[in-house]
Amino acid sequence: MLWVLLLLPAWAAAGISCTRLCLAAVRAATVDADAVRRHDLTLYEAAFLSGGPARVADLTLVSMARQRRLLLAHTGWATVVDPRGRDEMERSVLGAIGPEGQSRIAPVRAAAAAADCVHRLAERLVAAGLAVPAGARTTVAGAVRQVQAAAAAVLALAVAALLLPAGAAGNGVPVAAWFSLPLVLTLSCLAIARIEVHPYTRWASPAGQRLLGTLARHAGTTDDDRVYLTSVAVRGLRAVGEPDVRAALAHRDR
12 MLWVLLLLPA WAAAGISCTR LCLAAVRAAT VDADAVRRHD LTLYEAAFLS GGPARVADLT
72 LVSMARQRRL LLAHTGWATV VDPRGRDEME RSVLGAIGPE GQSRIAPVRA AAAAADCVHR
132 LAERLVAAGL AVPAGARTTV AGAVRQVQAA AAAVLALAVA ALLLPAGAAG NGVPVAAWFS
192 LPLVLTLSCL AIARIEVHPY TRWASPAGQR LLGTLARHAG TTDDDRVYLT SVAVRGLRAV
252 GEPDVRAALA HRDR
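All letters in the sequence shown, in the order written, are residues 12 to 265 by our numbering.
By construction, these hints were calculated from the structure, which means they are not laboratory data. Hints are not guaranteed to be accurate.
[What the hints assert, rightly or not] Restraint-style ranges between C-beta atoms, simulated for each label pair:
#, residue 1, residue 2, range
1, Arg79, Glu207, 36 to 46 Å
2, Val137, Ser242, 20 to 30 Å
3, Gly252, Val195, 41 to 51 Å
4, Leu34, His85, 39 to 49 Å
5, Ser242, Ala187, 47 to 57 Å
6, Gly153, Leu173, 28 to 38 Å
By construction, the Cβ of each residue, glycine as well, lies at the ideal position given by its N, Cα and C atoms.
Between the sequences and the hints, there should be enough to build the whole structure, so can you do that?
The following block contains the structure:
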């Protein structure tokens, strides 16, 4: 009966980790349905829900470059053409470039993504139930890792139990069958989390994902520039059509 001493921690690890994951997923999915029905996404909001602060910075750079107010060289440099920002995000980009009017793109992107206006944007989306709070993103990710660790621990304990002197469990049930139950529990939770949690726990809540789909459908009824920028907001750099701009944003400083 030594195998029982190994079964108990296996069940404890599986039960605690799966419970934590379920609670974290419920918190992440909490949404104000009335606020969602009243909300129309801007391009910056769509960019944040799709790719976070970095996507917002990329969208701003692409938009300014498309309007010829900012030159993005394939060598990784940004040059200001029009020093007047039309909104907070553009002013944060211009401020990151500096008074000389030229800077490497990498630090500009980092500074723009960390700007106060992006933080306020994130807070508005969280308050509207469209974005997952930063704490919830961390909690869900940590809970998934804990369930993965629990599954590995259950498997290791099962192997250890099988290496003990051969014998059957109560009522003639094999020892492996008892360990298969907590293993199935952890693997099932991971599978459900992959389907239900993975698509939206990073930035957008389920309601945010639905609004992103609506934005993509409605974009086709607007001008071509709006459609282009919507595609960049949702899909990121792979939607950038200009080779020079795409090369500039893909450039990484050594």
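Exercise for review: Given the range 28 to 38 Å, decide if the beta-carbon distance of Gly153 to Leu173 lies inside it.
Suggested key: holds, 31 Å
Practice item. Determine whether the Cβ-Cβ distance between Gly252 and Val195 falls within the hinted range of 41 to 51 Å. Key: holds, 48 Å
Practice item. Starting from the range 39 to 49 Å, see whether the pair Leu34 and His85 falls in it by beta-carbon distance. Key: holds, 48 Å
Practice item. For the range 47 to 57 Å, tell me whether the beta carbons of Ser242 and Ala187 fit it or not. Key: holds, 52 Å
Review point. Do the beta carbons of Arg79 and Glu207 sit within 36 to 46 Å of each other?
Key: holds, 44 Å
**Study point:** Range hint 20 to 30 Å (beta carbons of Val137 and Ser242) holds or violated
**Key:** holds, 25 Å
In terms of the numbered hints stated before, the structure departs from none.
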